Structure formats: C-alpha cells, structure tokens
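Engineer: Given chain S, work out where chain B should sit, using these hints.
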Amino acid sequence: MSLVKVTIDNIEVETEPGTTILQAARKIGGKGVPPAMCFYTSLEGSGGKCRTCLVKVTRGSDKDPRPMPKLVPSCRTVVQDGMVVQNITSPEVLQARRAITGFLLLNHPLDCPICDQAGECYLQDLSYDHGLAETQTIEERRTFVPIDIGDKIKLHMTRCILCYRCVMVADQLTGQRVHGVLNRGDHCEISTFITRAIDNDFSGNMIDVCPVGALTDRTFRFSSRVWLTKPFDAYRDCHKCSGKTVLWMKNDQILRVTGRKDKYGELESFICNDCRFEQKNVEDWVIEGPRIIERHSVISQNHYEQM
Amino acid sequence: MGKKLLLQHINEPGIQTFEVYRKMGGYASVEKALKTMKPDDVTEEVKKSGLRGRGGAGFPAGMKWSFIDKKSEKPRYLVCNADESEPGTFKDRYLMEKIPHALIEGMITSSYALGAKTSYIYIRGEYMYIVRILEKAIEEAYANGFLGKNILGTDYSLELYVHPGAGAYICGEETALLESLEGKRGNPRLKPPFPAIAGLYACPTVVNNVETIAAVVPIINNGGDEYAKIGIGKSTGTKLISASGHINKPGVYEIELGLPVEEFIYSEEYCGGIWKGRKLKAVVAGGSSVPILPTNLILTTAKGEPRLMTYESLSDGGFATGTMLGSGGFIVMDETASIVENLYTFARFYHHESCGQCSPCREGTGWMEKILHRIEEGRGSMKDIDLLADIAKHIEGNTICPLGDAAAWPVSSAIRHFRQEFEDHIKLQRCPLSR
Chain S
1 MSLVKVTIDN IEVETEPGTT ILQAARKIGG KGVPPAMCFY TSLEGSGGKC
51 RTCLVKVTRG SDKDPRPMPK LVPSCRTVVQ DGMVVQNITS PEVLQARRAI
101 TGFLLLNHPL DCPICDQAGE CYLQDLSYDH GLAETQTIEE RRTFVPIDIG
151 DKIKLHMTRC ILCYRCVMVA DQLTGQRVHG VLNRGDHCEI STFITRAIDN
201 DFSGNMIDVC PVGALTDRTF RFSSRVWLTK PFDAYRDCHK CSGKTVLWMK
251 NDQILRVTGR KDKYGELESF ICNDCRFEQK NVEDWVIEGP RIIERHSVIS
301 QNHYEQM
Chain B
1 MGKKLLLQHI NEPGIQTFEV YRKMGGYASV EKALKTMKPD DVTEEVKKSG
51 LRGRGGAGFP AGMKWSFIDK KSEKPRYLVC NADESEPGTF KDRYLMEKIP
101 HALIEGMITS SYALGAKTSY IYIRGEYMYI VRILEKAIEE AYANGFLGKN
151 ILGTDYSLEL YVHPGAGAYI CGEETALLES LEGKRGNPRL KPPFPAIAGL
201 YACPTVVNNV ETIAAVVPII NNGGDEYAKI GIGKSTGTKL ISASGHINKP
251 GVYEIELGLP VEEFIYSEEY CGGIWKGRKL KAVVAGGSSV PILPTNLILT
301 TAKGEPRLMT YESLSDGGFA TGTMLGSGGF IVMDETASIV ENLYTFARFY
351 HHESCGQCSP CREGTGWMEK ILHRIEEGRG SMKDIDLLAD IAKHIEGNTI
401 CPLGDAAAWP VSSAIRHFRQ EFEDHIKLQR CPLSR
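If you read the sequences in order, they're chains S and B. Using this note's numbering, the first residue of the first sequence is number 1, and each one after it goes up by one. Using this note's numbering, the first residue of the second sequence is number 1, and each one after it goes up by one.
Isolated chain S (complex conformation) (with noise of 0.2 Å):
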C-alpha cells in the first residue's frame, strides 16, 4: 500500500493509510500535536469523547477536496490522500479548545495542591496551554458520595474527565469489568455499582491510563510531590507482566511504581499489579538508569544532583 500525505498545519507528512490525523501529527511532533485526554493507541475503541483534540479539516482529500463542515476528533478522523489540516494555525479551533477546556474545569475541584496526580496531571497541562486565568462560573461545583473500591486504588470522582479508559482497561485487559460509568449526563460516575473492590492482577494500569487525578495509587498517597521523587527505568523478572517499570524514588526510597510513559502519557507495557503495588524494596529490581521524562511538565525537572 503506498503511503498518504496529509497536511497538517503546513507541515507536510506521509504516513500509512488507516492513520488518524492525531497520530500523523505525532509522527511530527511538537507544538502541534493536538491535546488527547480521552484517546488510549492501545485501548481499542478509546477516543472521540474529550473533544480537545478537535481539529479543521480545510480539504478532505485530493479525491473530494471539500472541507469537512465541523470541527473533527484528530484522534477518531482518519487521514485521506491531500488531506489539509489546521490545529493551531486555525484561530477556531484554538477557541474550541478553550471553550471545551473550560468545561473540563466546570466542575472540577481545583483541589491540585492536595492532588497526587499534580505534576503529572494532563488536565493541568491542558488548563495551562489553553485555559482562562478566570473562572467563568459562579454555580456550586458538583460532588458525589465517595466511595470506597479497594486497598490499592483510590477513586475521586469530582476530578474525573469520565475519558472511559479505566473501562476499556477493565474490559481489555482484565478477566471481568466490575465497575463502569453510571447514570447519565453531568451525574455519571465511575462506580462499582454495589461497592465493591476492583481487585485482580491488572487493575493498577487503571492509575496509570487515568488522565486526571480521579484514579491514584493508594500506596503512594500524600507520600511526595511526584515532581520531588526522581523517576529510574528498572525491571524484574515477573511471570505475570513484561517487568518493564518506573521507580519514583526519594533517596533510597522506592515511593511508587509506574508503568512506563512515553511523552503522550502512553504506556510502552501494561505491568501486573505485583510490580506496581507490591516490590517496594530497592533489592526486589535491577536499576537501568535514569529516566527522562520527555514531556513538557513539571515532572520533567529530573533532580538527579543527588546520585
């Protein structure tokens, strides 16, 4: 099959039929990589919900040159032969993106400063690149009754984006899904329907496929601010998962352990929850070295004076 060139931004790249415009763009990297909370490479089905992604198709494709009519989900849209499109250079999609932003923010808390995932959350990152520095809104935040799903991870649904990706982890990766998305409109909720522990090998990649805060590792809570524990690639043998992690250390301290994520957020490997939860000794893994975090956040600081 020979490859297709699309358009995007006046960049022009080639890439394989079947491709979506956010993957394109990716394959060019940089500033015009359209935002993607919702979208998951490796959890089928992911994507089209968030709506930050949304992009302008200014010609469809050399075949059908017409533009599309709405703004697109870069991340559901697949790329034509000549197809044109505009992510930042396009002023509407920019305000879009603010707009939609905004409604992100709607409801949630702002509680970063107590938030385990600040640091490392996309939903800041999105509110920095793209946000008001004014709140629009004087209505009373929604919240929820809390509620309790397990030992290892815990659920605030006041942060969530409701993106579906701990779904699709539950029902990809794991025997059985035993909690979904409840109820309708505003008031869904991420729930185990009957409060239930979400309890099997893989559920922790929920943490990690989880954009904002809503899912975090219960071991890690309130130890550290990510940004001031230093990340090292390291492995174990582990017949369960492929071994491949993240240690977030403090001085000899392993404070939590991660999947590895590229610079989208994306994991190279699911790990089982053995790795993440229970080998918190420096002696239980071999240590490759350092990790960059290629991201651009807060938690690409790298302090490694130390070592």
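In short, the hints are calculated from the structure, not lab data. Only a predicted model underlies this, so the values are computations on that prediction, with no experimental measurement involved. Just so it is clear, CB atoms sit at the ideal spot from N, CA and C, and this is done for glycine as well. Please note that a few of the clues may not be correct.
Said to hold, decoys possible - Computed from the model, here is a short list of chain B residues facing chain S with C-beta under 8 Å:
| hint | residue |
| --- | --- |
| 1 | Ser354 |
| 2 | Cys355 |
| 3 | Pro360 |
| 4 | Arg362 |
| 5 | Glu363 |
| 6 | Gly364 |
| 7 | Thr365 |
| 8 | Trp367 |
| 9 | Lys370 |
| 10 | Leu387 |
| 11 | Gly397 |
| 12 | Asn398 |
| 13 | Ile400 |
Stated by the list, open to error - Residues of chain S placed beyond 10 Å of chain B at every Cβ, according to the derived structure:
| hint | residue |
| --- | --- |
| 14 | Asp125 |
| 15 | Thr143 |
| 16 | Lys152 |
| 17 | Leu228 |
| 18 | Asp237 |
| 19 | Val286 |
| 20 | Glu288 |
| 21 | Pro290 |
| 22 | Arg295 |
Structural biologist: Below, chain B without anything else, positioned relative to chain S:
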C-alpha cells in the same frame, strides 16, 4: 380539506384490528411489493416519491436506503425509531396507538426493499401501553401470514420484534438507539462508520422514523410519482404535525406540505387560532430543539414572503431569521408566555437527558440550566446573557451527536430574538410575566 394519506381511516371503528384495517385496503402495499416488484423497485419508488425522513433531520429516505451495504454478506436490519421523545412531538404515538397496522405494513414493505430478514421497532419505554398494542397487531399479522416464514406464499420471510427502551431521550439518536438495542448503555457512536455500513451488531442497518415507514405504504400503493405531486419542491407528501401550546385545538394534524403557517395556526381545520383571543408571541416549529421564532418571522420570512410548512420555507434565512421543520412538534406561545421560563424548562430537559459521554454537552447543558434558573428567579446579571450565548455557541457542532446542537439552538435563538425579555428579568429581578 388537505389530502390525508396516513390518517384517512383514523375514525373508522375497530381500525386497530387486522380485520378492519385489511377491509379498508390495508396490507395492499405488501401484496403489491412482494408479488409484483423487485426489492430495488420498491426503493426506486421511495426515491421517486421524494419522501424525507420524518424524525427531524429530513434526510431523503430513498437515498438512505440506497446507502445500505448490499455487498456485505452480513444480515441486514431495518430498525424503526419509535423512541419519540422530543418535547412537543407526539405524532408517532398517535399513529401507533390508533393505526398500529400502518406501521407494521410499512415495516414489511420496507424490510422487503432492504432485504432485511429481521426487523425491530425500538419504542420508548414510556409508551408501554403502545408496546402491547403493537405486539397484538404483530401477532395478528403473523396469524394472517403477513409476517413469519414465506409471507403470502413468496420466498420472503421476516421476523418483527418490538423492543422497549428504558426511558432515555438520547436513545432516539440512531446510533445510541442501536447500542441500546444491543443491550448496552445508550451512548451515541462516533460516525463514520454510518449504520448503513456498520449498524446493529455491526451489520448494515437502516434506521427510520415511524412516520417515514408508515408513509412507504401510500407510496407503494399509489406510486412514488403520485406522492411527489403533493407538496412543494423538495418537500413532498403529507406530514403529521403535533400542535400544542396556546391554541384552541391542540392535536395531531396531517397536513399537505406547503400549507402556509398562518393558515395552519388560524384556520378552523387545524389549530383554530390562539386561545382566549390572545395574540401570538412565538412558535417553536419543529420540536423543542429547533430555534424559536417570534410572530413576525414565523408568519413571514425575512424577505416578506409568507412562511410555508415545508423543510425549505421554514429554514429560509438560516438560523438568523429561520428555523426548521424538524419532527413537526409545533409549540405555540401566546403573549403571556415567558420565553425565559420556557427556555429554562427546555434547558432542564437537555441537562437531564445528556448522556454524559462528551464534555461540551455533559458540562455545558448543566451550566446553561443553572444560569437560566438564576435569570428566571431574578438573580441573573447582564453578563450572564452573553455567557449563555457563548456556552451555546461552543456546544454547537463540537459534540459527538446532535443532542448538543439540540440543547444549544433554543438558547441561542431565544437570546437572538428575545434579548429584551432576558434583560427585563435581570432589571426587574423577577420574571415580568410569571403568574
């Protein structure tokens, strides 16, 4: 008197039963189609008729049928959308309740055209009593050989099921309907792929409104050309209008498309004028989602021509001065009606019914409701009006399905045409029209 094609036998005693319906010429289209026509001929007649989808969007039905993927080896489905939930729309209920066999006859003829061996009527859960009416009618059709194996001795077989929803407006959106029919949460799907390629159980599917399917019956009986003679331009045939609000005679009327709006509101044959001798203030012409229009713009277009009940005439002038025919939910408001209060009711509805899948609609609908509540109660501020318009603008077009648009259009149109009333609410710190 305008021509009646769907409701002509509505007052016949016992028309609900197979026996009477058959005696009045019912099921003739099935006989004609199955015995004398090829499936593609049926589609061709529907194309010729110019029939447009009666659910709201007005997409040409014949064209929708011709998109169905006939090369696919998967089974094909016809799904009837009877999830009529649009506030102000109650025409399908009337049709199904009074003449259930008209829908079933249309389903058989249409399924034959599409090559569907199994078809579904997805009906809203609140219409439980109609589910029973339809099930009884389907039973009668089976007993008389119009459903089941080898219909009328031909080699065409069809199974027809009624499936009640669980009470969600969103399940009237065709892909959410299919999700719900599959037994999943009724979240709309991202398109493409369209249902004609991958619909129910990822098989080629056509989803049509009740009235659209019922209209196939007269089209096949009399021919598509004959049907196309009724109406004006691309708005052919007859349309059921659910008239409600401050009129003397609310109800369901079958009109020939092309009827002047003024005649529809004021003639004795239809709405019979505004009640209590009051003056007309505004009309929502096609169900709660379409833009509201003030008196001068609903009776005449911006160009000064009389406004007609057609898809084209009602949308003349775009959203700046026009609206849409939509599903035909015709809501009339007299001079005592509060536009803000009415809009708050609509906003509350859309907030309640948003599925919550995509962020602009999930968060925006609730936000608009809260602001409107504030204004209606007299706690609003002037900048709230612009904020409302801004929220509506950013929901519109940015969502997965049309519910976002449906929530935004009433808000933006009310502010466009009745801004003064919003300002009065804020200045007086109360609703100037409340009882």
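Engineer: Check each numbered hint against the structure and report the violated ones by number, ascending.
Structural biologist: none
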